[in-house]
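Sequence order for the protein chains is A and B. Be aware that the first sequence starts at 1, since it is given in the working numbering, and climbs by one per residue. Be aware that the second sequence starts at 1001, since it is given in the working numbering, and climbs by one per residue.
Hints were generated in silico from the structure; no laboratory data involved. Wrong hints could be hidden among the right ones.
What the hints assert, rightly or not - Derived list of chain A stretches under chain B, where covered just means 3 residues or more per stretch with a C-beta under 8 Å from a C-beta of chain B:
#, segment
1, 1 to 7
2, 79 to 89
3, 99 to 112
4, 119 to 126
5, 326 to 339
Where is the CB? At the ideal position from N, CA and C, for every residue including glycine.
2 protein chains.
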Amino acid sequence: MIKLNKNFLKLQDNYLFSEVNTKMRQYKEKNPNKKIINLGIGDVTRPIPKIIVETMKMACDEMKESATFRGYGPEQGYDFLKEKIIKYDYNIRGISLDLDEVFISDGSKCDVGNIVDLFAKENVVAITDPVYPVYLDTNIIAGRNTLKEEVTSNSSKLKQNNIKQEEHIAFELQEDTEKNKLSGIILMPCNKENNFIPQIPSKIPDIIYLCYPNNPTGTVLSKEELKKWVDYAKENESIILFDSAYEAYITEENIPHSIYEIEGAKEVAIEFRSFSKTAGFTGLRCAYTIVPKELKREIKLEERDSSSRNNTIVSVNKIWNRRHCTKFNGVSYITQRGAEAVYCEEAQKELKENIKYYLTNAKIIKEKFVNAGFNAYGGVNSPYVWLEVPKGKTSWEFFDDILEKYGIVGTPGSGFGPNGEGYFRLTGFGKREDAESLVI
Amino acid sequence: MIKLNKNFLKLQDNYLFSEVNTKMRQYKEKNPNKKIINLGIGDVTRPIPKIIVETMKMACDEMKESATFRGYGPEQGYDFLKEKIIKYDYNIRGISLDLDEVFISDGSKCDVGNIVDLFAKENVVAITDPVYPVYLDTNIIAGRNTLKEEVTSNSSKLKQNNIKQEEHIAFELQEDTEKNKLSGIILMPCNKENNFIPQIPSKIPDIIYLCYPNNPTGTVLSKEELKKWVDYAKENESIILFDSAYEAYITEENIPHSIYEIEGAKEVAIEFRSFSKTAGFTGLRCAYTIVPKELKREIKLEERDSSSRNNTIVSVNKIWNRRHCTKFNGVSYITQRGAEAVYCEEAQKELKENIKYYLTNAKIIKEKFVNAGFNAYGGVNSPYVWLEVPKGKTSWEFFDDILEKYGIVGTPGSGFGPNGEGYFRLTGFGKREDAESLVI
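Just chain A, with the same shape it has in the complex (with noise of 0.2 Å):
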């Protein structure tokens, strides 16, 4: 009889995003005349730039001719887009990388959620707090740990405990009985108190979950600040996994687009990029996944696996490349000549255009909200404002608050993380109509 993974019953039923729709859809079931303004999109709404769109078109017409057709590509993509990306994103800013240190792939979320598999269950896990969901979920799935407890109880019971300040574990630190080994997840709380920047924990994580500029609060860390996190992790051999899918949303100074910026960062990071946000991709799938050859580890094999081999030091390029090619076949290659076309200078010039676009549309967002007396922050080098919700009311509560009152759609700030409640995120990725004709 098969075991299914009961881990599974473990996650939230509800998806974060889907539940904020379906109160949209009801909301606008009720009230068909009002007008909604959807400031919690998540997904880019500008259009692809033309020059990009005729080169998809080329690539498309590639395909119907025997002499240029192309079946299976590289699964780690094609070097004509590795290359562009090398050149424009990182040895611009003097960081140097091979071809066969970038993987192309069709989305961030499919390489945060799959690099799981690199790692054993038995690691301590850190992870900001809000999140982006998916960095727990995948994490539950793969049975690292064990809830004690549902996420949304144990987030009401820090609120009553007014503990909101402080780490907390919130799963269950399992030492694992045959290898004593630990096992487990720690939330690091990133909140006004501590400037949204999280502390080092006092057990040490061997992953360290790094989203920055972050989502979902729109704040960003110092290259002082995340040195802090490389040397931490260079002294207690721990991996970061760095998510900078917004990173061409930063407009300040002295806030790293790459961690590899930081002196060392290639011995200890993992870096996810994507065309998503950036160059309006979400909707044709790419991105990629930087893992430096200077990234290894050693792998301690117990007595019964050491008859027939030594501890070994592994390239986590090499297995995650093995992962790779395992379970995946490669980006589209219209999508990839498509990603290429984005660093042309005609594609560049639209593509900053629309993200500034975006981020007036987040400070003008911002600006409403400071006027009417909130706290926010974020917006500034991300599209993402982080609201402080008035203090009585949950999120949820916020949500149904100003949906009925403003017809203003936002996402709750408890769907990502406990340390998020009491806050919720606003986007700037609606059009600037709406932004401008917000009255609070």
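The hints should help you fit chain B onto chain A, whose structure is shown.
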């Protein structure tokens, strides 16, 4: 200190096809003037029908206008494509399916690899041998078993001991000490002695991989033979993972295109399908997986969990959906429009011609080898011909042999598993003139 997933060390270092390519490249360097006839190709070579390309170009154009731009699509795929799949691939064979039983993805390799996330480690997995390597490798990565010895050494040992006809447990069947559940992999031999039909193993498997028409052997199961497996899975509450990526190549009657042609299969089987080999989409990336809502299994919770929940019946459809939404973000809109166009009359006509072209190549190749005194199987309902290697030679020796003698490249059977030793895969995916120019 991070603990990497040491199961990666248990995989063979070289992926079969890269090894073939390396050897082919080396031969070309040594013999720059000799012609190579590549019968090792596992990829389509015929271009995409013009009507599909034109449809994709229209989808590209939609992306450049605000009014028609599409960002994130549904993770499970657009209804416009799912409706066509249900109508033309299933209803036509008397099989009804709901939209939420169809999951569009970027490749069957991904789906077949990712499905292992749904199952607990403690399962006995039965895999036909020889086999598409992904089934085996993804189970090893997931740690569902421990290799006692390398697959390769295992293979040669098997050969020496002449135990080819008997099922064998290639990997240690482990009893999980804590949970008292059996875990491991059983290889079910498919060879000329049993007409390439896997026999029911002596230990009851929980998960059964079946791929028909088969890669690499090119052989098929009749409805009666497949029914035995469906009945067996039902009786033992196992799950069948049915890979029918090559169903479009079936030419004979009484061969099931879908496992759901067998009564009761919806309660026991997940089916994987792909546009890769049926429509030439290997470079465009589109596949789909059917998870019927009838497929449900109980999750037995242990005592420590049961305080909060009782044992529970879980819909496999629901947990696959959760996995899909958490770790995947949908297929390129352009590709999905292309896949939709696959079902129009004009495309169907051309695609059927392409399949006939590949099948005719396979027929020619098979005949030439048979006329030269070889035993050969498959090639009738499949683009693959499964050649028996002359006695006394390993399949890698035969590879070197015919490359040197005739300039022919094929794929050594041993790369597909211990029972592939002694066989050799040839494919009809090359050019007609290459098949016709074969001299053996």
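Hints the structure fails to honour: Those not satisfied come down to hint 2.
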